[in-house]
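Number of protein chains: 2
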Amino acid sequence: MNKTEGKKTVVLLSGGVDSTTTLAIAMNDDFEACALTFRYGQRHTHEIEAATRIARSFGAAHHIILDIDLRSFGGSALTADIEVPKGRAVSDISRDIPVTYVPARNTIFLSFALAYAETLGARDIFIGVNALDYSGYPDCRPEYIAAFEHMANLATKAGVEGRSFTIHAPLIAMTKAQIIRTGILLGVDYSLTTTCYDPSPEGKSCGRCDACLLRLQGFKEAGIDDPVAYINKG
Amino acid sequence: MNKTEGKKTVVLLSGGVDSTTTLAIAMNDDFEACALTFRYGQRHTHEIEAATRIARSFGAAHHIILDIDLRSFGGSALTADIEVPKGRAVSDISRDIPVTYVPARNTIFLSFALAYAETLGARDIFIGVNALDYSGYPDCRPEYIAAFEHMANLATKAGVEGRSFTIHAPLIAMTKAQIIRTGILLGVDYSLTTTCYDPSPEGKSCGRCDACLLRLQGFKEAGIDDPVAYINKG
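The listed protein sequences derive, respectively, from chains A and B.
This note's numbering puts the first residue of the first sequence at 1, with every later residue one more than the last.
This note's numbering puts the first residue of the second sequence at 1001, with every later residue one more than the last.
One or more of the hints may lead you astray.
[Unchecked claim] Some, not all, of what chain B presents toward chain A, calculated at C-beta under 10 Å:
hint, residue
1, Phe1109
2, Glu1143
3, Lys1157
4, Ala1158
5, Val1160
Keep in mind the hints are simulated off the structure, nothing from the lab.
All C-beta atoms, glycine included, are put in the ideal place defined by N, C-alpha and C.
Throw the hints in and build the complete structure from the sequences for me.
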């Protein structure tokens, strides 16, 4: 999967199933991938380690890890001390905007990706948002991605000079099972990824938070065994 | 000017003439101002000190200083080691996109402002962009601000739930002289502000970079003496 020819692109890489599959799709499309990961006051750094393993394993051209401090603002279970919900029915997960919602997170991430892309001379940005499995997050919807792309082309020297940016969200209409099947076809080793909001100190996934439940259901529906270790597997 | 009643708003505050005047306008409109300043690898920290003085002097309800690392991407005289142009004719300054252009800077700043606003329960964001004096920057134009606002209302829980965000850019169509006159009417002490891209170690403005030249011309046209100290005053 090590492709270094072709056009440069920025790929947002968190180390989870979705962003890893997105990286595989971008590289399969002959893009030279420059991965961008954020350290943003997550309570666990296992995501950063996973992203680093994945970028190296895929042969990404560059991997930048940026520190940003979303904790200054508070307001989310992923950055503050609100309890992560456990053991919900999968059918309940996407109904409401979850407590793990981080205000404007994808907007902040895409803004940095835009700055990085313009500096690289890249015209393409890949983000692994998904509207089906995470319908609770407003910044995972196609209309949001379209609005960001429009804004990006007004915001930048490159956009103004007619070298338009495209925000690619290849997973946006896929189910988790379709995402996993796509990744498997592209040779993704999902044992490198991490998903859990609340893993054990040894790095085992809890199996009960919303993220684990959606991941496990996705692997089940895809008919594929999830290769990561769980404390509680279903 | 110490008003703490009214609706909360986030005001982007760099410590220069424009953002300081914008803060004065927001507070004069009875907003409770929460100022947001970025430390982003500027070569000089005098801007942060100026912003801190100004937020305190105005009685802002809060002042958050966020570290963001735009240096990882390179690409601008304000964050990298490109030489700042000096001694240009004012008429030449706004013709092209300047070398001091930072890719996607206002997009990154507004994205954080959006996250902060949503966390505060604020619906308003003030930014001191100006299309006339800085026409070279694509992210200072009204169409850019409108596109950001549209995107912001699709990006966020608050926007989706119908509590729309408004991005206020009260200076967007003003000349520098109009901005300064407005600030003087509102009681702004411009000796607190800083503008120079390349000040002396003692904090004197160079008087010859684009930012100084536009500032000096603005004060001249406003018929007001600029209270900051210069090495070279035109």
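* To do: Return the numbers of the hints above that this structure violates; sort them in rising order.
  => Of the numbered hints given earlier, the structure breaks none, since each of them holds.
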